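Those protein sequences? They're chains A and B, same order as listed.
With my numbering as the guide, the letters of the first sequence map in order to residues 1 to 215.
With my numbering as the guide, the letters of the second sequence map in order to residues 1 to 215.
Derived by calculation from the structure, the hints in this document are not laboratory data.
Since this is a predicted model, take the numbers as computed values, not measurements.
Wrong hints could be hidden among the right ones.
One copy or two, either will do: identical chains are not told apart, so a pair holds if it fits within one copy or between any two.
Subject to a maximum C-alpha distance of 30 Å in a straight line, what follows is the list of computed DSS-like cross-link-like pairs (lysine-lysine) [unchecked claim]:
no. : residue 1 : residue 2
1   : K69       : K194
2   : K79       : K69
3   : K150      : K79
4   : K150      : K69
5   : K194      : K79
6   : K150      : K194
Protein chains: 2
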Amino acid sequence: MASSRDSTSRSVSGRRPLPIPASTQQGRRRSPLAARAVLQAALDLLDSRDVGYRGLTMQAVAARSGVSKATLYRWWPNKAHLVLDVYRSKSARDVAASVTGDLRTDLQSHLGRLAFALINLESSRTVAEITLAAAENRSFGELYRQTLLKERRQAVLDILIAGRARGQVRAEADLTVAVDAAFGAIHHRLLLTKEPIDGPFTSALAGLIVDGLSP
Amino acid sequence: MASSRDSTSRSVSGRRPLPIPASTQQGRRRSPLAARAVLQAALDLLDSRDVGYRGLTMQAVAARSGVSKATLYRWWPNKAHLVLDVYRSKSARDVAASVTGDLRTDLQSHLGRLAFALINLESSRTVAEITLAAAENRSFGELYRQTLLKERRQAVLDILIAGRARGQVRAEADLTVAVDAAFGAIHHRLLLTKEPIDGPFTSALAGLIVDGLSP
C-alpha cells in the first residue's frame with residue numbers, strides 16, 4: 001500500500017521520537033533505545049491501513065523493531081499494554097498542555113491538537129477500536145482508565161484548574177463534569193454520530209465549556 | 001433469579017404499556033396489541049440479568065410474547081431492529097420532553113429522566129451493549145443513528161431551540177455541539193469512566209450546557 005509505505009518512510013526520516021511513558025519504565029530495566037524502537041514500530045503498524053489495532057501482533061512488532069519477542073513480552077505482558085503505551089507516548093508528544101494564561105485559548109488549542117492527533121492518518125480507526133476494547137473488556141478497561149484516559153483527562157483538568165486559579169472559572173464549578181463533556185463529545189462523534197472532529201467543532205466545544213464554567 | 005422474576009411481575013401487573021414507534025408501524029399492517037406484547041416481552045428479556053442484549057433471541061421473544069416467530073420476522077428483520085424499537089418505545093414513555101418555560105429546569109429534568117431510564121434495573125448494561133454494537137457494526141450503527149439516536153438527540157435539541165426562542169440561548173450558539181456534550185458525557189461515564197450517572201451529575205451537566213449557551 002502506498003499510504004502505509006508513506007507513513008513508514010515519514011517515521012523513519014523525520015518524526016520526533018516517541019517519549020517513553022514514565023510509569024512503565026520503572027523497575028523493568030528497559031533499554032530506552034529499544035523501547036522507543038518498539039513503540040515506533042507498533043505505531044507504524046497501528047497507523048497502516050491493513051493492520052490497525054485488531055490486526056496488530058507482538059510478532060510483527062518484534063520483526064519490525066528488531067527487538068526479540070521474548071524481550072517484548074518481558075516489557076509488555078500483552079498487546080493491549082503495549083498499545084496503551086504507544087498512545088501515551090504519542091499524546092505526550094502531540095498533545096502537550098499549552099499555558100498562555102487565557103483559559104479559552106488554552107482549552108481550544110488543547111482540544112484542537114487532541115482532535116488533530118485523533119483524526120491524523122489512520123489513528124481515528126485505531127482510537128475507536130481501543131476505546132471500544134476498553135468499554136468491552138473489563139481488565140483492559142481498568143488499565144485504560146488507570147493510564148491513557150487518566151493522563152489525558154488530567155491534562156484537560158490541569159488547564160481548567162489553572163483557569164480557576166486565575167479567576168476564569170467559578171470556584172464551585174464541577175470540573176470533572178466539564179472534562180466528561182470534553183472527552184464525551186469527542187468520543188461521541190468518533191464512535192457514534194461520525195460527524196467531523198474538526199477545528200470548528202473543537203472551538204465550539206471549548207467555548208461551550210469555558211462559557212459554562214465562567215464566573 | 002429473584003430480580004428477573006420481580007421485573008417480570010412488575011411488567012405484567014402495573015407498568016404503563018410501551019408505545020409503538022410511529023415510523024415502524026407504517027406499511028407493515030401490524031396488530032398494535034401483538035406488537036406491544038412483543039416489545040414488552042423483549043424489554044423484559046433485555047432487563048433480566050441472565051439474558052441482556054447478547055443473550056436475546058427472536059425465539060425467546062416469540063415464546064414469551066405468544067407471537068409467532070414468522071410474524072416477528074415479518075415485522076422486524078432481525079434482533080437489532082427489534083431492540084432499537086424497544087428502546088425507542090421506552091424512551092418515548094420514560095423520557096418525554098418537559099416544557100416548563102425555563103431552559104435550566106427543562107434540561108435538568110430531561111437529562112435526569114434520561115439517566116434514570118439508563119441506570120434503572122439492568123438497562124445500563126443493555127444500553128452499553130447497544131451503544132457498543134452501534135459503534136462496532138456499520139449497518140447497525142447507521143440504523144441506530146437514523147432512529148433511536150436521532151430521536152433522543154432531537155428531544156434535547158428541541159429543548160434548546162425552545163430556550164433560544166425565549167432568548168435564553170445565544171442566537172449564534174452551536175446547539176449540535178451542546179447535544180454532543182450532553183450525550184457524550186453520559187455515554188463517557190456509562191462506557192468508559194464508570195463514574196455514577198446520578199442526579200448531581202446530570203444537574204451539573206445541564207448547568208454547564210445552559211450556562212455555556214446563555215446570552
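For this session: Measure nothing new, just compare the shortest in-copy and cross-copy C-alpha distances for K79 and K69 to 30 Å and report within, between, both or neither.
Result: For K79 and K69, only the intra-copy Cα distance (12 Å) is at most 30 Å; the inter-copy one is 43 Å.
Exercise. For K150 vs K69, is the C-alpha pair at or below 30 Å within one copy, between two copies, both, or neither?
Worked result: Intra 29 Å, inter 47 Å, cutoff 30 Å: intra-copy only.
For this session: Give the relationship of K150 and K194 under a CA distance limit of 30 Å: within one copy only, between copies only, both, or neither.
Result: For K150 and K194, the Cα distance is within 30 Å both inside one copy (24 Å) and across copies (13 Å).
Problem set entry | Within, between, both or neither: K194, K79 at alpha-carbon 30 Å | Both. Shortest intra-copy (27 Å) and inter-copy (23 Å) distances satisfy the 30 Å Cα cut-off.
Exercise. With identical chains treated as interchangeable, where does the CA-CA distance between K150 and K79 reach 30 Å or less: within a copy, between copies, both, or neither?
Worked result: within (19 Å within a copy, 36 Å between copies)
For this session: Pop the pair K69 and K194 into one bin, within, between, both or neither, using alpha-carbon distances up to 30 Å.
Result: Classified as neither; 37 Å inside a copy, 34 Å across copies.
Of the hints listed earlier, the one the structure fails to meet is number 1.
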